[in-house]
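A.B. asks: As you go down the protein sequences, you meet chains A and B in turn. Taken in order, the first sequence gives residues 1 to 320; the numbers are from our numbering. Taken in order, the second sequence gives residues 1001 to 1246; the numbers are from our numbering.
FYI, nobody ran anything at the bench for these hints, they're computed from the structure. Honestly, I wouldn't trust all of these hints.
[What the hints assert, rightly or not] Which residues of chain A face chain B? A few of them, derived with a C-beta cut under 7 Å, are:
no., residue
1, Ser180
2, Lys183
3, Tyr186
4, Arg189
5, Ala190
6, Val200
7, Leu201
8, Val203
9, Asn204
10, Gly287
11, Asp289
Backbone N, C-alpha and C define an ideal beta-carbon position, used for all residues, glycine too.
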Amino acid sequence: MRNITGKQLTVGGAVLALVIILPLLIVPFGQHVLIITCIFAMCGVAWNIMGGYAGMFSFGQAAFFGIGAYTSSFLLMTFNVSPWIGLVAGGIISSLAAAAIGYPCSNLRGHYFAIASIAFAEIVRIFFNNWEMVGAAEGLTIPMLKGSLANFIFNSSKLPYCYIIMAFLLLALVVCRLVSTSKMGYYLRAIKESHEVAQVLGVNVVRYRLYAIMISAFLTAMAGSFYAQYILYIDPASVMILAVSVQIVLVAMLGGANTVLGPVVGAAILIPFSEYSRAWLGYKGTGFDMIIYGALITAISMYRPSGVWGAITALVQREK
Amino acid sequence: MNASLLLDVQGVSKYFGGLRANEDISFQVRGGQILSIIGPNGAGKSTLFNCITGFHRLDKGRVLFKGLDITNRKPHTIGKLGAVRTFQIAQVISDMTVLENVMTGGFLRHVRVRDVRLNAEEVLAFTGLMAKRNYNAQALSVSDKKRLEVSMALAMEPELLMLDESMAGLTTVELREMIELIRKVRARGITIVVVEHVMEAVMELSDRVLVLNSGRKIAEGSPKEVVADREVIRAYLGDRYDAVCQ
């Protein structure tokens, strides 16, 4: 283990303090924006493990997100299973679904993989849209239980949600950091370069790609379950649509694919912008955020392919 | 140095549609030897490499490595068993540093990241790339990339190293350095098979030479024997080479 320097300790402490204090200082709508930001940051971090490190550009993360949301909600409503257990179950089912689709796609790369991932997510969405048992197109309304941590529901305050999703995000960051600094991280980057080079280096490409997809799906499903418990209503049109998948990719790409913290930075820029523009401009603003997104992404891919976080680290290194 | 049979290629054939890429090629490599495979472009040298290392499925024949049948095994399995190759156009991981590239190979033999790093640094010191360990692999010259590729292979602690044209496109000085490096690798007890066009290197390094033409083996022997072979001269070396040698 690397020794932790005093400076790192200070920075870490400051960030932690900010994270604890920030939700207390802002108005409820601000808390809502913070929660949504963290949800997408978490999904972005999860996407990064397969997209950023391993080069599997998934535009189908909404399927994993939705499977997570539906699993915990369905188990709660039908079998009265605690959402906390439902969340883990959602992660597992999502991982299994990811493996089931990932395996036949083992040889797909680049845009072929991207297209396959869109097709997968659309199939899942249409399936849920017609599946009566889970409410089909009407979706599921999660029952308002008594507010408590055990029930994963807090009726009057957004504050507990803030802390829970921040803890989830932290977990995702720790997982991503562990992956990126371990053998798996090196192997995924080799796979991203080319399957041939990875194979020569002794990497079982199929297996490591599956690991990456499954970890990514698990974390994304966790975020989905959280979303369901927070919004208390889900339907395929809100949790399984392509726009959600695209949002996740944008968050990671804008912030910086291939870096642990990039997606957090990306989410912190994109999501508040999107939420506030929706709040201020109302229905007239629909799609306005997408126009700005488009411009941002074009700019970032032309001038800073390493993303905002990549640009910041490059600057810091130059200062040194 | 052990003189046991390390690689035993038996009647390997590979067809691409109607094209005969390899036909009934057999040869053996003993431990500690350097074998060169030469032949004109399109003779099937790289295909043969691909067949041995699991990148192509064989149509006929068998490949034994250390007595184990590795025919049609997956490349990563063959790598794990100890047969590692490089590519004609050096394949490195472009958005990693030199050290990270070598480390990626080292994870095959070591578990802890620290050990992997130490091992990688040792390899880089051996191959002479230590000073450039923090360079981005993309920024390396052709010659350094080839050297890096050899380093990545060495980090996997192979018993058999298969180099596909690691001398191509090098300057005279770089060529000397590469020949030296290959000598040093062999001195470590690693058996080497090279596909090579640079005859200077072939003559100097090889214990044995295998000549392919149109997918078939047309000669095999010591370097001297092979360059004196009429068919080899006609198919590959050309009459000018003949004249120079006389």
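A.B. asks: Would you mind marking each hint as holding or not holding in the structure?
C.D. replies: To see whether the hints hold, each was checked on the structure:
no.	hint	result
1	Ser180	violated (11 Å)
2	Lys183	holds (4 Å)
3	Tyr186	holds (4 Å)
4	Arg189	holds (6 Å)
5	Ala190	holds (5 Å)
6	Val200	holds (6 Å)
7	Leu201	holds (5 Å)
8	Val203	holds (6 Å)
9	Asn204	holds (5 Å)
10	Gly287	violated (35 Å)
11	Asp289	violated (31 Å)
Against the hints set out earlier in the document, violations occur for numbers 1, 10 and 11.
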